[in-house]
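Model the full assembly from the supplied sequences, consistent with the hints where possible.
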Amino acid sequence: MRRPESPLAAAAADILVRARLRHPRVHCITNAVAQAYTANMLLALGAVPSMTIAAEEIGGFVAGADALLVNLGTFDSQRREAVETALEIAGDERVPWLLDPVFIDRSELRAAFAKTLLAREPLAIRLNRAEFAAIAGNEADEGALKRFALEQLMVVGLTGEIDVVSDGARQVSVANGHALMARVTAMGCAGAAINAAFLAVEDDAWLATIASLAVLGVAGEIAAAKSDGPGSFAINILDAFHALDRATLIERARIA
Amino acid sequence: MRRPESPLAAAAADILVRARLRHPRVHCITNAVAQAYTANMLLALGAVPSMTIAAEEIGGFVAGADALLVNLGTFDSQRREAVETALEIAGDERVPWLLDPVFIDRSELRAAFAKTLLAREPLAIRLNRAEFAAIAGNEADEGALKRFALEQLMVVGLTGEIDVVSDGARQVSVANGHALMARVTAMGCAGAAINAAFLAVEDDAWLATIASLAVLGVAGEIAAAKSDGPGSFAINILDAFHALDRATLIERARIA
Amino acid sequence: MRRPESPLAAAAADILVRARLRHPRVHCITNAVAQAYTANMLLALGAVPSMTIAAEEIGGFVAGADALLVNLGTFDSQRREAVETALEIAGDERVPWLLDPVFIDRSELRAAFAKTLLAREPLAIRLNRAEFAAIAGNEADEGALKRFALEQLMVVGLTGEIDVVSDGARQVSVANGHALMARVTAMGCAGAAINAAFLAVEDDAWLATIASLAVLGVAGEIAAAKSDGPGSFAINILDAFHALDRATLIERARIA
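Protein chains in written order, with my numbering: chain F, 3 to 258; chain E, 3 to 258; chain L, 3 to 258.
Among the hints, erroneous ones may be present.
What the hints assert, rightly or not - Derived contacts from chain L toward chain F, CB cut-off under 8 Å, selection only:
no., residue
1, 41
2, 45
3, 46
4, 58
5, 59
6, 62
7, 63
8, 173
9, 237
10, 240
11, 244
12, 247
To be verified - Below 25 Å or equal to it, Euclidean Cα-Cα: the simulated DSS-like pairs (lysine-lysine) are:
no., chain 1, residue 1, chain 2, residue 2
13, L, 117, L, 148
14, E, 228, L, 148
15, F, 228, L, 228
16, F, 228, E, 117
17, E, 117, E, 148
It is worth saying that the hints were derived from the structure and are not from the lab. Just so we're clear, the structure is a prediction, and the values are computed from it rather than from any experiment. Beta carbons: idealized from backbone N, C-alpha and C, even for Gly.
Right, dumping it as structure tokens:
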């Protein structure tokens with residue numbers, strides 16, 4: 003017997019279709035390790051990535067973008083300056099943006115910088131349990147997620163074996179994905195970039211965040227079934243994401 | 003009935019064979035997103051890539067190179083300084099070089115810098131229609147291409163669904179390639195690097211530019227036929243380029 | 003008739019198994035071209051890579067690492083400063099580290115810097131014949147390798163068609179690998195990162211270095227047998243390394 007169609011899975015499919023049609027421009031301030039893979043994931047969606055972090059010209063790129071990703075990996079003074087300029091422009095031009103505070107649990111400096119960025123009104127934040135503890139000051143249980151989302155007025159996308167997405171009022175889990183996703187560098191960074199692209203085509207940041215986790219999780223499951231290890235998996239998930247259709251997504255999404 | 007062998011396709015095949023035999027050293031000043039894929043494309047040809055942009059040592063690398071690529075993506079002060087030093091040495095040592103003015107239509111600063119570089123006598127420039135308009139000041143019709151090539155005394159390789167290559171006197175189109183080439187980051191940057199490698203083994207920059215577009219276009223068609231999406235395509239085109247033989251290239255090249 | 007089991011091959015297999023179980027944290031100061039591929043190779047092993055080169059925070063990452071890789075590719079002032087800070091912390095915290103002096107034969111500045119790093123007590127150095135000549139001042143014959151290892155009190159891993167590993171007292175060759183390994187960028191850099199990861203789980207740096215060369219050489223042979231060129235090879239070796247089992251490694255390792 004087929005499961006009844008979930009309204010959230012259907013919403014995720016709508017967001018995917020809209021993103022493919024609209025080719026959103028997504029500017030990414032991201033770490034050097036993740037740049038190429040992130041660009042390829044965005045191109046697989048039909049989005050238009052740009053990646054410059056030069057202070058002199060980043061303003062123009064952000065002003066022309068439909069969404070902005072700020073990833074704190076490879077955290078140096080050049081990127082910090084780029085973030086400041088980019089967020090100023092994003093605020094002026096009302097460009098939706100998402101924060102990915104990579105490895106803030108390994109660097110107090112990053113954690114402190116990430117905290118200052120919360121005041122710049124990201125629509126969403128993506129992080130794992132260790133990173134959540136570093137920025138929120140306590141463990142990522144259900145109550146803490148909700149409080150943090152309410153205090154900061156943003157969507158929290160907590161990644162892990164099962165992802166949890168909260169906006170303070172609404173909270174669901176996304177149980178898609180595969181263990182090989184943790185064996186490919188930049189997979190989480192690329193997922194956050196897709197999340198940013200979805201913010202460009204969906205005003206409800208909670209739905210956009212759920213959609214990005216479900217879509218890549220399902221693509222990961224499909225890719226894993228035909229992969230011999232992490233090398234082929236990293237390639238196959240790009241293909242699976244590019245080919246993913248509405249019916250397959252709705253059939254396989256596990257949002258609850 | 004087989005088409006008669008095109009002299010330009012045969013010339014392209016000769017250039018490919020020469021490049022494989024001579025292992026040219028190609029120094030690339032290119033953006034962070036494109037570095038690894040560009041290096042892999044050059045290695046698939048048997049060329050020897052180097053990529054440093056440190057001002058202190060770039061001179062030595064350029065002096066020892068057989069060709070130089072200047073790509074303006076990820077445009078920051080470090081790369082701008084590297085370009086200045088590299089072009090000084092390239093001028094002194096008569097190292098042929100190619101300009102790839104990425105995204106100058108999105109950044110006035112890049113466009114202005116690109117214009118100053120035209121005076122440094124690149125043998126060829128590779129750009130799409132939007133980038134051509136940003137540097138030449140008008141649309142890329144046949145007359146404008148010709149005038150720009152004549153004024154600047156260089157070869158113009160205009161990329162698009164059909165590529166056009168002009169040196170002011172001679173103008174041909176190259177109708178190879180596949181839509182997936184636009185879904186892989188750094189594909190154009192890597193193509194420009196192959197173009198630079200071909201400048202190292204072919205004095206006629208017009209032929210070298212045609213050859214690079216035809217060779218990668220044909221490799222792209224072969225790769226697309228066995229790919230499931232942009233992920234596998236990015237890998238398969240490296241294999242197809244590495245394996246491409248003279249007969250297949252001549253058979254499939256669409257230069258007119 | 004099966005060859006008798008080599009004790010060195012068995013030791014290499016033990017090191018591989020230990021590294022997979024312990025998930026060592028490996029901090030890599032490496033060039034921009036190599037960062038993503040290096041991270042993916044470490045992840046295929048189950049290691050935890052980190053890659054920041056920001057002076058402000060690299061100390062914390064190195065202090066928390068189980069091993070450190072210093073690769074001199076893309077050699078700029080930022081990376082030089084990062085190396086200084088990283089080695090100070092590595093010395094204080096007794097983090098084992100490995101030097102990969104990429105392309106020092108092409109840059110006197112790099113060669114001079116590499117020589118100063120020898121005094122900072124790397125456990126091992128990985129380099130090819132041209133790089134050996136640039137740092138040791140003479141050709142890489144058997145006597146020169148031995149003298150250099152003894153003088154510097156470190157393990158020398160000389161890479162080439164046949165690799166040689168010497169600690170001054172003991173010297174063996176590793177005859178695994180495939181020609182396609184030279185057609186993929188960052189393959190040597192990624193191999194050096196695996197060598198660093200093995201230093202985290204094996205006190206005998208000579209054994210750790212042999213193991214890294216044998217393991218990736220065998221993975222390369224397995225990958226080459228199913229690859230159509232350098233593109234698929236770069237992916238397949240990640241899969242083969244991830245899947246390599248003890249029996250296959252011992253059967254195929256050619257350490258003598």
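Here is what the structure says about each hint:
With 8 Å as the threshold, the beta carbon of residue 41 of chain L comes within range of chain F, its nearest partner Cβ sitting at about 4 Å, so the hint holds. For residue 45 of chain L, the shortest C-beta to C-beta distance to chain F is roughly 5 Å, which falls under 8 Å, so the interface hint holds. Interface hint at residue 46 of chain L: satisfied, since its Cβ lies 5 Å from the closest Cβ of chain F, which is below the 8 Å cut-off. A distance limit of 8 Å between C-beta atoms decides the matter here; for residue 58 of chain L the minimum to chain F is near 6 Å, and the interface restraint holds.
Here the hint on residue 59 of chain L is kept, as its CB sits about 4 Å from the closest CB of chain F, short of 8 Å. Here the hint on residue 62 of chain L is kept, as its CB sits about 5 Å from the closest CB of chain F, short of 8 Å. Interface restraint check for residue 63 of chain L: the shortest CB-CB distance to chain F comes to about 6 Å, inside 8 Å, so the restraint holds. Hint status for residue 173 of chain L: violated, given a least beta-carbon distance of 33 Å to chain F, over 8 Å.
This hint holds: residue 237 of chain L has a C-beta 4 Å from the nearest C-beta of chain F, less than the 8 Å allowed. Proximity of residue 240 of chain L to chain F holds as hinted, the smallest CB-CB distance being about 3 Å (cut-off 8 Å). The interface hint given for residue 244 of chain L is met, as the beta carbon of that residue sits about 4 Å from the closest beta carbon of chain F, less than 8 Å. Below 8 Å, beta-carbon pairs count as interface contacts, and residue 247 of chain L has none with chain F, the closest being about 13 Å; its hint is therefore violated.
Under the criterion of a C-alpha separation no larger than 25 Å, the hint pairing residue 117 of chain L with residue 148 of chain L is consistent with the structure, at around 17 Å. Under the criterion of a C-alpha separation no larger than 25 Å, the hint pairing residue 228 of chain E with residue 148 of chain L is inconsistent with the structure, at around 50 Å. Straight-line distance between C-alpha atoms of residue 228 of chain F and residue 228 of chain L comes to about 15 Å, which keeps the hinted pair within the 25 Å bound. Of the pairs offered as hints, the one joining residue 228 of chain F and residue 117 of chain E is violated, with about 49 Å between alpha carbons and a cut-off of 25 Å exceeded.
With a C-alpha separation of about 17 Å, the suggested pair residue 117 of chain E and residue 148 of chain E falls inside the 25 Å cut-off, and the hint holds.
The structure fails to meet hints 8, 12, 14, 16 from the earlier list, while all remaining hints are met.
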